[in-house]
Amino acid sequence: MDYSTFPRHNVLCIDMRSFYASVEAVKLKLDPMTTMLAVVGDPNRSGSIVLAASPALKAKYGISNVSRFFELPNDPAIHIVPAHMADYLQVSVEITRLINQYAPKEAIHQYSVDEVWVTLDGLEKLFGNPWEIANQIKQDILDSFGITCSIGIGDNKFLAKVVMDLHAKKVGIVECRYEDVEEKLWPHPVEKIWGIGSRMKRNLNRMGIVTLGQLAKFDLNRIKKRFGVMGEQLYWHAWGIDLSPVFGDFVKHEQKGFGHGIALLRDYTKDEVAVCILDLCEEVCRRTRTAGKVGKTIHLGIAYSKETGGGFSRSKSIPIPTNITMDMYHICMLLFKEFYDGHSTIRHVYVTLDNLYDKAETQLDLFENRSKKNDIGYVMDAIREKYGTTAILRASSFTDAGVTLDRSKKIGGHYA
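In this text, residue positions in the sequence shown follow the numbering used here: the first is 62, and each later residue adds one.
Because the hints were derived from the structure by calculation, they are not lab data.
Heads up, none of these hints are tricks.
Result set (DMTMM-like, lysine to aspartate or glutamate): computed pairs, CA atoms no more than 20 Å apart in a straight line:
| hint | residue 1 | residue 2 |
| --- | --- | --- |
| 1 | Lys367 | Glu333 |
| 2 | Lys119 | Glu132 |
| 3 | Lys331 | Glu368 |
| 4 | Lys285 | Glu252 |
Pairwise CB distance ranges (calculated):
| hint | residue 1 | residue 2 | range |
| --- | --- | --- | --- |
| 5 | Glu399 | Lys253 | 38 to 48 Å |
| 6 | Ser205 | Thr95 | 15 to 25 Å |
| 7 | Arg238 | His404 | 52 to 62 Å |
| 8 | Glu446 | Glu155 | 22 to 32 Å |
| 9 | Phe188 | Arg375 | 47 to 57 Å |
Since we're looking at a predicted model, the values are computed, not measured.
Glycine included, every Cβ here is placed at the ideal spot set by N, Cα and C.
Could you put the whole structure together from the sequences, leaning on the hints where they help?
What follows is the structure in structure tokens.
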């Protein structure tokens with residue numbers, strides 16, 4: 062591969078080691094790297110997920126972020142703490158501010174709460190070469206927050222991310238340039254590479270592609286024919302090539318639709334789920350109104366409990382675009398009554414409003430006062446904006462089947 066025509070940058074991918082667990086350990090004045098600590102979504106539920114395990118807990122018992130609370134060993138040395146999402150977000154923001162002392166905002170791409178890309182182009186005269194800057198940032202984060210991080214250095218975002226995942230988590234800082242791809246990436250199984258999940262792994266394995274090197278040597282036309290654009294991207298990634306932007310506004314994007322879903326804490330009956338659907342429609346329409354949009358296509362997704370399995374996902378378009386809660390709710394209930402099997406209990410609900418348009422004047426209807434219904438929504442939004450999200454709720458939200466009150470106490474599905 063001739064890399065001379067491809068851009069070269071100095072990109073860091075910085076990952077906070079066991080971030081949630083590290084934050085909790087520091088709060089307890091413990092060493093995040095030697096303390097055995099598990100962050101549990103809800104310690105009152107034995108089946109609650111372990112959101113983070115400290116490196117010591119991972120090493121001794123093999124606990125990971127896919128383990129469940131009941132799988133934790135009965136060891137008094139293990140600290141079990143509930144999740145505090147607001148704390149993690151605050152620390153994440155402060156770490157980004159620290160990085161902003163080295164690089165301008167347009168060079169920082171926040172990938173997740175505990176992972177960030179930083180482009181260092183043009184910073185050499187101020188702070189030194191990429192290795193020197195990486196070491197300075199790593200030490201600053203440790204000194205300021207007590208958190209250890211791993212850093213990958215590469216010619217682009219993909220190389221920085223993958224070398225961080227594969228190597229830096231073991232040794233701290235690792236660099237991978239185009240010329241290092243064959244040595245540092247190709248021997249590894251395809252499922253170890255960022256962007257390849259279990260389904261893609263199975264599909265690639267069936268084609269005889271087990272390692273990244275085999276993917277790089279495979280016929281590009283066959284890959285494109287089998288997987289389309291995604292296959293072509295994977296092929297170029299196998300060669301370490303990634304043309305995604307390394308500078309710019311990484312947050313702004315065109316909104317395609319608004320959706321809201323929930324994994325229920327217990328099985329819901331067909332009668333109870335109507336309340337949940339109404340609460341979700343309320344939130345979706347609130348966000349749609351805030352954005353000054355209306356939508357024509359309404360989608361409802363239902364997943365049944367494990368005992369029966371299955372579910373359905375259906376949508377329906379309406380002639381007049383809307384952002385009115387009850388309009389969306391009535392369509393969702395029509396879909397539910399049409400496609401629900403009549404007996405299964407429900408564990409997951411998702412609603413979406415898409416096929417968006419800019420909101421214009423309300424279209425009049427001879428049989429209903431759409432203007433009044435529209436105004437009610439905006440008045441409720443204004444009250445919530447001023448006094449809080451739970452300042453005004455529908456009466457159904459206060460029943461056992463309502464989900465809004467409990468969701469208001471959470472960030473990202475976990476308690477703040």
